[in-house]
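Visitor: Let's have the full structure, built from the sequences with the hints guiding it.
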Amino acid sequence: MGWLRRLDRRWIFLSMLLAVAIPQLTQARVPEKPTPLVMAVFDKIESLPDGSLVLISFDYGPSAQGELAPMATALMRHCCLKRHKLVLMTLWPDGKPLVERAINQVLVDEFADFGFKYGVDYVNLGYKPGKEVVIKTIANSFRTEFPTDDGDRKLDDLPLTADLTSLADMDLLVSISAGFPGLKEWVQYASSPLKIPLAVGATAVQAPQAYPYIPGQLLGILAAIKGAAEYEVALGEVYPKYSEPKMQDGVRRMAPQLWAHLLIIGLIVLGNIAAFSERFERPRP
Amino acid sequence: MKSTIPWLIAAVAGSVVIAAYFIPAAQSWQDAIGQWFEVLAAVAFILGGANLCLQNLQKISARQAGWGYAAVTLVSFVVTLGVGLLKIGVPVEDPQHPWAGSYQAEGSAEWWLFEYAYNPLVATMFALLAFYVASAAFRAFRLKNAEATLLLLTAFVVLLGRTYAGTVLTAQVPDEYSAFSIPGLTTIIMGVFNTAGQRAIMIGIALGVAATSLKVLLGINRSYLGSGDG
Amino acid sequence: MNREKRIWGILFVLAGCFLLYRAMLTRDGMGKVYLKPAAAAVADAPPSYVRARPDDPQAALSLPRTLGIWFAAFLTLSIFSFLYKDNPFYRFAEAVMVGVSAAYLMVAGFWDGIVPKLLGRLAPAQMSWASPSLENQSPDWWGLVPLVMSAMLLARLLPRGGWIARWPLAFIVGTYAGIRLISFLDADFVSQIRNTIVPLVVMNQAGQLDLWGSVRNVLMIVGVLSSLAYFYFSLDHKGAYGVVARVGVWYLMITFGASFAFTVMGRIALFASRLEFLFDDWLWLIDPLGKRSDLL
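Taken in order, these protein sequences are the chains called S, L and R.
Sequential numbering from 1 applies to the first sequence in the numbering used here.
Sequential numbering from 1001 applies to the second sequence in the numbering used here.
Sequential numbering from 2001 applies to the third sequence in the numbering used here.
Any given hint could turn out to be false.
[Said to hold, decoys possible] So these bits of chain L aren't anywhere near chain S, every CB distance computed over 10 Å:
# : residue
1 : I1005
2 : C1053
3 : S1061
4 : L1086
5 : V1092
6 : Q1172
7 : F1180
8 : G1208
[Stated by the list, open to error] The list that follows gives simulated cross-link-like pairs (lysine-lysine, BS3-like), each with its CA atoms no further than 30 Å apart:
#  : chain 1 : residue 1 : chain 2 : residue 2
9  : S       : K241      : R       : K2238
10 : R       : K2032     : S       : K241
11 : R       : K2085     : L       : K1059
12 : S       : K246      : R       : K2085
13 : S       : K44       : S       : K195
14 : S       : K117      : S       : K82
15 : S       : K195      : S       : K246
16 : R       : K2036     : S       : K117
17 : S       : K117      : S       : K44
18 : R       : K2238     : L       : K1144
19 : S       : K246      : R       : K2036
20 : S       : K246      : R       : K2032
21 : S       : K117      : R       : K2291
22 : S       : K82       : R       : K2291
23 : R       : K2036     : S       : K241
24 : L       : K1002     : S       : K131
25 : S       : K82       : R       : K2036
26 : S       : K33       : R       : K2291
27 : L       : K1215     : S       : K131
What the hints contain is simulated information worked out from the structure, not anything from laboratory work.
Treat the numbers as computed from the prediction; the structure is a model and nothing was measured.
Every residue, glycine too, gets a C-beta built ideally from N, C-alpha and C.
Guide: Encoded structure:
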């Protein structure tokens, strides 16, 4: 067992590469089933009257894009299918291009047939520095924080935001969050004091910390890439077009996830076997 | 004096924000403080950038080890800053206001740098952690005692339960006992045990934050002002 | 030349040959970006473009984006090369990351923070070249307060007089202390206690005992109280109290085990997305989104 104890970590790295790369190259797929916390978010968006006002905050940057972008896309698709009005923003400076990318991908390209108009069906408020202070301010007054949208158009001149005063006007808040500022701050400064329904999509690292807020302060949570996959499946069950594999980024990424998880378990077991063997092989004094 | 005035500033700013929670009339003061705060948050980015610039300039001028990489940092910094501040390549929407477009509008130079340099670099840097987690799993997680065993068994259940493996491994469990399947156990772990543990941690942190905030506002804790005369 | 260098040399040549083959000798090539005009979201807006399939009649090759894909692939591989060992490619990529990210944040801070919140407030007419919405607005002289504080904060860069920066720093710390005091007590303390006050015996709608609901609530309350007991160090963890604290430790171990598993999940998802970029956008080995063909 000495070889196991002396194993060069680069063999471990190589095994991780293969565990993720092979399922990706073979385009393997595994089935997913939505869990109650994901369905709580899905059902809320589904049950809101068509044309409800939904604020989505992209509280992440490129570092968490692999986990959160599929969630953002799936949530936006669902809102578009329900013709909800979208107010988009970000608390992260490097989240701004990701908001624009999501707009281009979903609202402009995929839903071109729906004829969504900027300022009527959706608005991009962009980014403002200040972290949670931004939430605290818009909880009281949108105009103080965002007199204009990201393209310098006055909120008063846009039909969607002309009558918007504060967060209390929103039917639903959604934070897709990778850390600080993110879901915790939306709970602390918006959903808790204002009692507005809040749904979140969270990275795997942040998700376990969000559970204590459920159900009083959070109506549901899309936890990690699996949360995104479950949401995509839920969407595909109601809107069959979205059960196509190319519409399911999250589901696609669950196959590499499966093999990598098995590898991690295998490595922990192997590591313990190596440690135990050392104890037995060591000459007793 | 050098710590009394800063403390008074901190105390007044904090007290106004607290007062606004209870007195609606004070909300406009809180909004004003929030706006000033946001300006300082933006200035902090400039301060950080300027600091980085100075440090790398010092490294280059002193020809310290790795000064070539400091030069690469500096060039990347200056180029990104220049194209961003000058809005190079930003499409002109309104000929009357050619500078009004967004600094990182799609197709602009800043957008290109974000999309093809910043984005892959940051995302890959975080992706590296997958390999180190694997290495740590092999080298560090040992069944040393009951607590470590509990931690590892929980991790195994959740790792399996969050993928299709959990479903396959306990496919034979009847529906009425689905709570004892691996996905069912994962749901219980997250919804009950994790929630209880996280809630206790959350309550502890909340008390800590409240105590620290009070100390700052009352002037008992002035460590944020740094050491030195005061 | 030692054995290791020889092996790496061969691997690099093989990888180069593979790339040349993919790029030059296959029908579609690799690492190219095609665009087509998008429907304008705003009337009179300049033309915007969306990704197009190569066989789309409206599609045109975008050279800047194609170069971008190759540059991004180079940077991605440079960062991954650190897994083998520290090397100049990694150091270069790391240096670029530090420079670009610091400057990007600075640019964001300037255009999204300082222009609208400071300069636009103090001199709206003069700043309307960058922000036309400021036209016809009158100056807000309260903007002088953050202007002075900003200047004081920047004094940290001076060799002497850095203490002046303590004033704006105190303002930042005081504001944070104020907003966090209330929000943490409300959302993370009082609300969490309220969320934990649940019935120990749960009855369903038919008036019968809901056994699982009751067990769940009991486990939850025991978990919160025992974990809190563990964190209370003013009492010795001995006797009955020690037993309660020990139960708390078990709960916390389960919590940390779950967090570890979730962390693993997150890191792998990030790696998978980078690998997908290399296989899909750069090498064109897979096409999960149907960007190039109808294979799906």
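Visitor: Checked against the structure, which of the hints given earlier come out wrong?
Guide: Hints 9, 12, 15 contradicted; others consistent.
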